[in-house]
Amino acid sequence: MNSQRTMRTVNSLFLHVLSFFLLWEWLRPVEQLTGTNWVVFFLGFVAGSLLLAFLGAPRALSALLKGIYIAVCIQFFHYSSFTDMLQSFPASVLANMEMMIKGQFTDLSNAFRTLLFFVLLWITVYLIHYWLMLRQTILFFFLATIVFITVLDTFTPYSAQSAIVRAVVIGFFMMGILAFQRLSSTENLSKPGTAQWKWLTSLAVLVAASAAIAFTAPKADPIWPNPVPFIKSIGGSSGLSTNESGQSGFRSDDSSLGGPFRPANVVVFTAEVEEEHYWKVDTRDAYTGKGWVASNPDEEARTFRRRVPDSLFSFTEAVPAESRTSIVYNEEDYGHIQYPHGLERISAASSFRYSLNTGTSKITPFNGEEPDAPDSYAVQYQHPSFQARDLQVSTPEDEGVAFRSIQNQYTQLPDSLPEEVRQLALEITAGHDTTFDKVKAIESYFSASGFTYEQEDVPVPAEDEDYVAQFLFDTKQGYCDNFSTSMAVMLRTLDIPSRWVKGYTEGTYLETLESGNQLYQVTSENAHSWVEVYFPGIGWVPFEPTQGFTNEAVPEVEDPTQAPVNEETPEDAETPADTPEQPVTEEPTPVEEELIEDGGEAAAVNDESFLQRNGKRIALIAAAVLILSVLVFKFRRKWLPFYSVFQFKQKKEDRHFPEAYLVLLTQLERSGLKREKGQTLGEYAKEIDALFSGTSMSTLTAHYEQYVYRNRLEPGTWSRVHADWEQLMHKTRTMK
Amino acid sequence: MSQMHPEINRILTNMEKVITGKKEVATLTIVALLAQGHVLLEDVPGVGKTMMVRALAKSIHAELRRIQFTPDLLPSDVIGVTIYNPRDMDFQFYPGPIMGNIILADEINRTSPKTQSALLEGMEEQSVTVDGVTHVLEKPFFVMATQNPIEYEGTYPLPEAQLDRFLLKMKMGYPSLEEEMDVLKRAQNVPPIDELQPVVSLQELRQLQLEAKTVYVDDSIRKYIAELSSATRFHEHVYLGVSPRGSIALMKAAQAWAFVHNRDYVLPDDVKHLVPFVFAHRIRLKPEARFEGAFIDQVIDQVISQVSVPVQKHVADYE
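Chains A and B supply the protein sequences, listed in that same order.
Count the first sequence with my numbering and you get residues 333 to 1068, in order.
Count the second sequence with my numbering and you get residues 24 to 342, in order.
Simulated from the structure, these hints should not be mistaken for lab results.
Errors might be hidden in some of the hints.
Computed list of lysine-lysine pairs in PhoX-like fashion (alpha-carbon distance at most 25 Å, straight line) [what the hints assert, rightly or not]: (1) Lys1009(A) x Lys295(B); (2) Lys1018(A) x Lys46(B); (3) Lys336(B) x Lys983(A); (4) Lys1018(A) x Lys1006(A); (5) Lys336(B) x Lys981(A); (6) Lys246(B) x Lys1009(A); (7) Lys336(B) x Lys1006(A); (8) Lys1018(A) x Lys336(B); (9) Lys336(B) x Lys1009(A); (10) Lys530(A) x Lys984(A); (11) Lys246(B) x Lys137(B); (12) Lys530(A) x Lys336(B); (13) Lys1006(A) x Lys246(B); (14) Lys984(A) x Lys336(B).
In isolation and in its complexed conformation, chain A is listed as follows:
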């Protein structure tokens, strides 16, 4: 019975480990969507609590340990020292409780939220333990997990492709084990050990096989139209986006990029500038596999009158910069301010206020309370000249914690991103040591390697296709969104924090005014997107991967031999649609030759297309195997006896007799001679013998009855009745 207890313990350990993984699936999206950097501590808490529950630690002790853990964590997250915490935290908890009762949830302090989250986890772990050990069912929690993941997948940038597979596999495994526990307790199994191993192996095979089949099988497109836009429109957040798309040349919803770029030729604004520059509108930080979203669209808004708050951080004072001013004459009101990198101050009529979304860097103008853009305004900004020397020496250590937080937010990638993208990024940057060199290598990668600028023939990625992978390996033609997104994503695979910037290019040069300022006209065709990379100690540095475009602010590599960026006049760059530059398509650069010889990229492409090309064949084979298995299973009555007879030829010891008898019973049942529930073996044997006109079954049964009901098996029984048994086994095959 000792082994039985060990089995139970192993089972319970197994279940606790699995439930840890299931809970982890709840915490993963939290990490991605809220930018919490401390998920590992919460995970630690969950693991510890489950361990305590598994060990059956006394409640008081376990509560004490958990309490200490929570206290230490809260101190570590939010307070500089324990004394500090002891002084202010209890009061803060009371104050927060009061707020909670009053319903002021937005005012709750972070420390209190952390405490609440810990309490939530505590309760969850307790519930799971209760479900596992007492109720022995997990279906509810499992379903809740699935619903949670699918809802997140549908309504947020979180991509749950692999999460759902993991959750399903874990959940089915847990349910299988629990079902076995329930069965073995109701059936009073005397030897759960062997049965358990059989159960576990078959369960593992079953779950693995079904997961594998489900994973590889071709998936039908959804029958229903995607309900999300509809649901969101009911939520009433789509008002601006319909207004903006098409006319301004860019859409406010970038969550699904791709398709032809057909802006209406509308003049958006005219600008009077000292030197031409790009105009920013907003930035995005979360890539979904199809496009970009703001990880936190409702980030706190900062309202200001003139001076732009520090939260619109562009670069540090270490960067040499020159103060300049540009004046914008608005032709169309799209509800936002366009501004140069390094913006410091906006001057317009005094009634205007501005609201800065710190999440997306978008500035919305207000006239009084109404959203309204001024007809003209001046933007005062610092024009940076980023020094390649400084960028070369910028290392992550420079800013410590702050940098880690930025790195966390701006290196987010969806789970669905194909591994080839990372491989390609590694190949391109092979041999480059510093971050800056790597960034430049990727930026210039697109000007070679057979990429072309194209506005019309750009497909939308298929359901299971990644926007970046499609461009990099498949189509290799596209417009600014393709180039900039690809660059940002590749940088992120290398853990280099980067973001996607939307705005306008400098526009079309009109004339030079008497003051020496230049006048530019910006139309919706000048809508553009590019990349900003964060360098510790320096700030956000713009880069321009799109062919045929030049951003003055982009830092140049000092070594002139390596400079791949085209030296173009602004006039050339104004109308990229007409003259997309394809600088090096005929004569591959040495770099490109290396890549082709290397073959790494080609192999990666092959890998993907192998599945695509042979998808049908694999599906066919799988179907054939499935049908064959069904047939083999359906007709097992015909062939199983041969196998069993063969099997028992080896097992001559008496102890195998009962096993053989049960095999015979099962085989008879398969042949349609099922024993009734209330029928005794003796009665059944008579019935069988009457049917086969013999006495074999009664002979066998008499011996088996002695074994079961008397605990006695006469030596030599099995060898004496073996012939009877074989004869019956074969007779069952010949039944109708």
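Assemble chain B onto chain A, guided by the hints.
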């Protein structure tokens, strides 16, 4: 059924000289005797109840006492009475008919509950107390009570608690045509009962009773019995199900049945065969069920088919 235990077989063969057919009832009677239980026969008069008991008593060399129960019978008529003996200047106990080995209690439902309980108490305790003196009854002590199912006028039906004391309840049934012809033929000759010789001594019978107790009952069988009893308690038509005492009775009877069939372990077949005889008088149907035409036999059949027979080892492992 396989072969019988040799000594039991001798008794049965001996009895067959007198009674025709009825081997099943005779066997069940012996089963009850071996399990040290009692039998309630429910049948019309004249089907050979008395003859069978007499044949049994003769075969085992036991003393047969017969009590004809009437409404005016008193407990002292059953147990015995203490009478003052002027010669010895003392009270003297004159034992009643209960002080025998085999008691035939005819039409037990005709007498008053007081007298009934005097007999039933003796059956349960294997002893009687008269005026503070306890008299232990001789062993074997076996009561075969009969009751007439067709007359209810002026009867006192036995309460459930007392019915529970009978191990088996059965019906004699009419003989078949051939059997009845045989009966008629035998009736022309000298009553064979007078020529019947004992084949087993009382001492031997007591030994057989002890042996029957040692018949092996596996855990799986015990579980089967318990499940059967429990199923009667939860049946929709049943008002009062089988008590644990009923389960014990079923196990003892099954042991004796296995012993009679020369086996030293109980099969589910034994249990299943005995269920109607052990359970029928321990189940009380709901009035509405009776009104709807449910019979105890049907209920028992349902219970038997519902409860699954154990066919695999239970808990104890074979070494």
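A quick look at each hint next to the structure:
| no. | hint | in the structure |
| --- | --- | --- |
| 1 | Lys1009(A) x Lys295(B) | 12 Å, holds |
| 2 | Lys1018(A) x Lys46(B) | 22 Å, holds |
| 3 | Lys336(B) x Lys983(A) | 20 Å, holds |
| 4 | Lys1018(A) x Lys1006(A) | 13 Å, holds |
| 5 | Lys336(B) x Lys981(A) | 24 Å, holds |
| 6 | Lys246(B) x Lys1009(A) | 15 Å, holds |
| 7 | Lys336(B) x Lys1006(A) | 20 Å, holds |
| 8 | Lys1018(A) x Lys336(B) | 22 Å, holds |
| 9 | Lys336(B) x Lys1009(A) | 16 Å, holds |
| 10 | Lys530(A) x Lys984(A) | 23 Å, holds |
| 11 | Lys246(B) x Lys137(B) | 38 Å, violated |
| 12 | Lys530(A) x Lys336(B) | 19 Å, holds |
| 13 | Lys1006(A) x Lys246(B) | 23 Å, holds |
| 14 | Lys984(A) x Lys336(B) | 21 Å, holds |
In summary, the one numbered hint that this structure violates is 11.
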